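Please construct the entire structure, taking both the sequences and the accompanying hints into account.
2 protein chains.
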Amino acid sequence: MSRCRPDRDPSVVPTETPERPPLTRQRSVVIVNTGHGKGKSTAAFGTVMRGVARGWRVAVLQFVKSGRWKVGEEEIATRLGVDWAKTGDGFTWLTDDLERSRALAGAAWEQAQVTIAAGEHKLVVLDELTYPVNWGWIDAGEVAQVLRSRPEEVNVVVTGRDAPEAIVEVADTVTEMRKVKHAYDRGVRAKRGLDF
Amino acid sequence: MSRCRPDRDPSVVPTETPERPPLTRQRSVVIVNTGHGKGKSTAAFGTVMRGVARGWRVAVLQFVKSGRWKVGEEEIATRLGVDWAKTGDGFTWLTDDLERSRALAGAAWEQAQVTIAAGEHKLVVLDELTYPVNWGWIDAGEVAQVLRSRPEEVNVVVTGRDAPEAIVEVADTVTEMRKVKHAYDRGVRAKRGLDF
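Chains as they are written, first to last, in our numbering: chain A, 1 to 196; chain B, 1001 to 1196.
To be clear, the hints were calculated from the coordinates, so they are not data collected in a lab.
The structure presented is a predicted model; accordingly, all values stated were derived computationally and were not measured.
Don't take each hint at face value.
What the simulated footprint calls covered on chain A by chain B, stretch by stretch (three residues with Cβ under 8 angstroms from a Cβ of chain B suffice, anywhere in the stretch; the number is not a length) [unchecked claim]:
no., segment
1, 8-14
2, 134-140
3, 161-170
4, 173-182
C-beta: ideal position from N, C-alpha, C; glycine also.
Right, dumping it as structure tokens:
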């Protein structure tokens, strides 16, 4: 099975400190979790909990999913003081009014801009933002501009498939979650507690 | 920048329910987060929190990292009732006694086997297990056998680079976290609250 080529032989126990580039100071970063595999939102959620553990104020804005999805995350995050906003109206194929979906996505983006600019949260997660951007509902260049001009202590995580180039460019760290295999393809149901 | 080829045109708003394979029941799954990008352990941690939100008993066994790494996760997870075991003795290049590291990894694997077989945790995370397996300290075939014969309600998440084929084979869902770019390569320090 083809996976990432290792940088080094994985069977050799590393005994020397890896080489590092000279370190610089940067107050915050933009992280993008993209790709068609699992783990984009799940890793963002892990980052949220890490921020919470550090005493950060954290905001999560959901751009697409709503309803029963992410209820577990939302429940535990809000219990721990995370500001959690469900702004999308769910999967587009379940809605009968695309104009309403589009308006909601626009409103969510307004809310995201205000939240980032306010600088009160050290971490802002824009969950599933890439979808309305790819649908042409939110302008990728405008998102990049908002990320670039954010307050210097605000970290941002963006998730979703097919991250637009303009957003990848402004990001510090971009990971593609690539599906090697997925239980769902064999017909295994999404599992409460694992998938939502 | 080359990322995953989209299955469909990402600019088209999906208006039809996606096709699904016939669904089957399966009591638990094995998930592998591998690849050289960020998010392997972070996504596992997100899954831990999701399980906690559902009221599951959850166990995390760390095979390699210890010390200041993951202190944030550990702190918040244990606060929420997760059983968290640090079993590795840290990065191999910081240890002066590889035989001790090897013995610790073996003991960690013993503990993992007991934890899985006991069936008391609905989720068991074997964090960074792939490293001691790839170093030949733990047998990949034995790991696969333990996963295959686990109690039917025990879900297992394995993380680490270069997941061995035998473990990929027994897994239901495998995601490769592929690095598209990483702040660290530009010399940006690992950030407290984001990276640990």
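For each hint, the structure was consulted:
1. 8-14: holds (count 5)
2. 134-140: It holds: at least three residues are needed, and the segment 134-140 of chain A offers 3 whose Cβ sits within less than 8 angstroms of chain B.
3. 161-170: holds (count 5)
4. 173-182: Held - the segment 173-182 of chain A has 10 residues with a Cβ nearer than 8 angstroms to chain B, which meets the minimum of three.
Every hint, counting from the list given before, is met by this structure.
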